[in-house]
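Student: Construct the entire structure; sequences and hints are all you get.
Numbering of the sequence shown is given in my numbering, commencing with residue 1220 and proceeding in unit increments.
There may be inaccurate statements among the hints.
Said to hold, decoys possible - Dumping the calculated EDC-like pairs for lysine to aspartate or glutamate here, alpha-carbon to alpha-carbon at most 20 Å:
1) K1241 / E1302
2) K1231 / E1251
3) K1222 / D1243
4) K1249 / D1274
5) K1222 / E1302
6) K1231 / D1243
To be verified - Pairwise CB distance ranges (calculated):
7) R1221 / R1286: 17 to 25 Å
8) P1307 / E1238: 24 to 32 Å
9) K1249 / P1228: 32 to 40 Å
Simulated from the structure, these hints should not be mistaken for lab results.
It should be emphasised that the depicted structure is a prediction, and the values quoted were computed from it without experimental measurement.
For glycine and all other residues, C-beta sits at the position ideal for the given N, C-alpha and C.
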Amino acid sequence: MRKTYPLRPEGKNPDRVLEAVKHDIRRYMKRERRHDLPEGAQFWDFDCRFGADQDSAQPLPAAELTRALDQLAQTGATQCYVELLAKPAVWERRPPAASAPEDHPAQSFDGPDNDPPELDHPTD
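Tutor: Structural data, given as structure tokens:
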């Protein structure tokens, strides 16, 4: 999807127009995710570009799109350009953490963390 959305059309509430643009983007992404995945792919990922117009559009993670749209609308822009291209992707493992789990500061080696709470009054 490559589309330029007007953000301030004549006679329409800008807040409702902004919500309609977000809805259209979410609907497109949901529709693309329903397509069958090619062999070896695990999910649909999106290449995203966003800006005030096509020439100034910058690459952006798809998860940041609505936040960037809100920021652009707050500046008083009259239009926005959104480019979303679906691509098949495979999950990649994250590199192992630099510290071992036993080095975590929340861990305690002096006893179990599930000690019963101390009672303020004696039990009869």
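Student: Against each hint, give a clear statement of whether it holds in the structure.
Tutor: How the hints compare with the structure:
{"no.": "1", "hint": "K1241 / E1302", "result": "13 Å, holds"}
{"no.": "2", "hint": "K1231 / E1251", "result": "29 Å, violated"}
{"no.": "3", "hint": "K1222 / D1243", "result": "11 Å, holds"}
{"no.": "4", "hint": "K1249 / D1274", "result": "27 Å, violated"}
{"no.": "5", "hint": "K1222 / E1302", "result": "6 Å, holds"}
{"no.": "6", "hint": "K1231 / D1243", "result": "17 Å, holds"}
{"no.": "7", "hint": "R1221 / R1286: 17 to 25 Å", "result": "20 Å, holds"}
{"no.": "8", "hint": "P1307 / E1238: 24 to 32 Å", "result": "30 Å, holds"}
{"no.": "9", "hint": "K1249 / P1228: 32 to 40 Å", "result": "25 Å, violated"}
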